[in-house]
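Residues per chain, in single letters:
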Amino acid sequence: MTAIIQVEGLSKRYTIGASRRTEERLKEALTERMKTLFTRRSSGALPEIWALKDIGFSVTRGTAIGIIGRNGAGKSTLLKILSRITDPTEGEVRLYGRVASLLEVGTGFHPDLTGRENIYLNGAILGMSRVEIRSKMDEIIAFAELERFADTVVKHYSSGMYMRLAFAVAAHLEPEILIVDEVLAVGDLAFQKKCIGKMQDVTGEGRTVLFVSHNLSAIESLCERALLLENGRLIMDATPSEVVKRYSSEGQILRTERRWTGTSAPGGEGLTLRAARVSPQAIQVRTPVTLEFDVDVTRRGVFNLSLQFYDEQNVLMFMSFPPDVQSGGGTLDEGSYTARCEIPGDLFNAGRVRVDVLGARDRGVLAFREEAAVSFEVHDSPDLRGGWWGHWPGAVRPRLAWTTIPARRQS
Amino acid sequence: MSASEPLVLKPASGWQALNLRDVWRYRELLLFFVWRDIKVRYKQTVLGVMWVLIRPVLSVLMFSVVFGRLAKLPSEGIPYPLFVLAAMIPWNFFAGAVGAASMSLVGNSQLITKVYFPRLVIPIATVLTNLFDMAVSFLLLGALMAWYGFVPGAAAIITVPAIFLLTALIALAISLWLGALNVTYRDVGNTIPFLLQIWMYATPVVYALTLIPVRWRWLASLNPMTGIVEACRSFLLGTPLDGRSLLVSVVLGSFTLFGGLFYFRRAERTFADTV
Chain E
15 MTAIIQVEGL SKRYTIGASR RTEERLKEAL TERMKTLFTR RSSGALPEIW ALKDIGFSVT
75 RGTAIGIIGR NGAGKSTLLK ILSRITDPTE GEVRLYGRVA SLLEVGTGFH PDLTGRENIY
135 LNGAILGMSR VEIRSKMDEI IAFAELERFA DTVVKHYSSG MYMRLAFAVA AHLEPEILIV
195 DEVLAVGDLA FQKKCIGKMQ DVTGEGRTVL FVSHNLSAIE SLCERALLLE NGRLIMDATP
255 SEVVKRYSSE GQILRTERRW TGTSAPGGEG LTLRAARVSP QAIQVRTPVT LEFDVDVTRR
315 GVFNLSLQFY DEQNVLMFMS FPPDVQSGGG TLDEGSYTAR CEIPGDLFNA GRVRVDVLGA
375 RDRGVLAFRE EAAVSFEVHD SPDLRGGWWG HWPGAVRPRL AWTTIPARRQ S
Chain D
17 MSASEPLVLK PASGWQALNL RDVWRYRELL LFFVWRDIKV RYKQTVLGVM WVLIRPVLSV
77 LMFSVVFGRL AKLPSEGIPY PLFVLAAMIP WNFFAGAVGA ASMSLVGNSQ LITKVYFPRL
137 VIPIATVLTN LFDMAVSFLL LGALMAWYGF VPGAAAIITV PAIFLLTALI ALAISLWLGA
197 LNVTYRDVGN TIPFLLQIWM YATPVVYALT LIPVRWRWLA SLNPMTGIVE ACRSFLLGTP
257 LDGRSLLVSV VLGSFTLFGG LFYFRRAERT FADTV
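From first to last, the protein sequence lines stand for chains E and D. Count along the first sequence from 1, then add 14; that gives the number in the numbering used here. Count along the second sequence from 1, then add 16; that gives the number in the numbering used here.
Okay, derived cross-link-like pairs now, DSS-like style, lysine-lysine, Cα gap no bigger than 25 Å in a straight line:
| # | chain 1 | residue 1 | chain 2 | residue 2 |
| --- | --- | --- | --- | --- |
| 1 | E | Lys150 | E | Lys212 |
| 2 | E | Lys67 | E | Lys259 |
| 3 | E | Lys169 | D | Lys59 |
| 4 | D | Lys26 | E | Lys67 |
| 5 | E | Lys150 | D | Lys55 |
| 6 | E | Lys150 | E | Lys208 |
| 7 | D | Lys55 | E | Lys169 |
| 8 | E | Lys169 | E | Lys150 |
Source of the hints: derived by calculation from the structure; they are not laboratory data.
If we strip away everything but chain E, and leave its shape as in the complex, we get:
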């Protein structure tokens, strides 16, 4: 089999701070130029990071290959280089075929244009010719299930309709190499299945697909091979099931939704934990978070759950249990219950949060303890940083009331 993509010694360096909008001032650049004019070397070393370091692999024609890694592992940078959006700092990529990349759903959609007009525009942006788009127009509209709204301005679409339209255009691309980033994370389940089916057709026709996703089951079912990236390095290149296994065992996987069945379920004293969920999916520092726990009670009694929140350094940030337990509440009959805990925004700092769940009977008898019942990642938010971009230390990041007033002289 001949290689269609060859990557050798690929590295990408970013200079942190050099691209921050607020710092981009012509004056600084000019003074910097003046300095370097005489010294011939750049003064003031800006901090650098290697988003990718010495990546090498090759892909044969007709293969679907998945790329797995934590946020910041370098997946997006790799796709950006392969898509020709940014240049590598070192190394080389050889592409033996026409590339189409889908790093975002609906790139270039214009809200003031109709569905049909956006199909033309988006298709052209993704590399389709006008003739090609015209011949596939009806098929695309049918795939998106938007026959009645094809001539409606897109800004009146629901987000679901918008996504379907965007997917439909992308699904009809016919490049030799298709690069896809995390686009299956949106859209409803039925439509996701349709898209996965379409992607399987694509590889069936001998085209090559590079696919980045946090959806490990999608990678396992779609790809024949997977790459695992960590801190910009390629640490594993094997079958998807092997890579997924290693990735999960390293505790890199976030467990935002869990379900326990049969005897594996944590329980005791007539209380069993059945499921746990974190919502929403995307959490920023400012986002309120909801945790839900489904429990079964098999013996009437006073029950409560308590939650312990740990940060990445394994520091217990705080714990919480329902306030009504102290006042004598919490008596539950036999049956199934959902306990919900709502955590306000502006509490967690950015990073991973691990939640241990403890079940108790009669306010003191431990029924079970499930470590890392759920875990989730809190992403940094650009809000309220006051233009400061450094690391924000501390276990929590509350938003507190501040006032500064002129001092009144005592006399």
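Place chain D on chain E using the hints.
For chain D alone, kept in the frame of chain E given last:
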């Protein structure tokens, strides 16, 4: 693309070949951008494309009152409204194109960070969009010329489009420099409106070149727009042609364009990282 000739992506340093063939390959996308911008610009406006006419009408009225009536600027024997409009059409095209194209890369940052195409397509498309506005405002000029009974020479069929092609290329040249700089230094974007305003008064739009004392005229013709505006008047209204300033426009425009193309090519590699 044949399998024997792979696309190689590797670090590039220094000055690159222009790769205009790639721009040609993406010509359909270019036209789609033009079509989108024209289509979107006048959506949700009651008067629609009429705005293209209203703006020059208002400016002509204003300039005619201020400079024609009150200041009584000489207009080489041409009725002042016609005199000013013949120069304002190329100037407005130039100013509109430079203003929009210089901001176009930042305005399309969503695309630049998500999909590959030759970045040159964006400023070219913006200049072409403005060419459309210019063509519409020609209707106004036609009406005004008919009203005053002016008939341009037959050569105008060739000379006038040629002068607009030259204007478009100069506008593109300036936009390549300003647009690429604006990606990294947003200061540039803030400066452009003032720059254009000063530039307009430095160009003989509301006055005639002959108003400038002879010994300073060489300085005025170092401005590439002087030659354009004067030539446009000459071709349309038959005023004497100042060949020297037109030559300056061609030479200066070509240098700026080639320099701009190479500078843009060098700068575009980091657009996605800095925009």
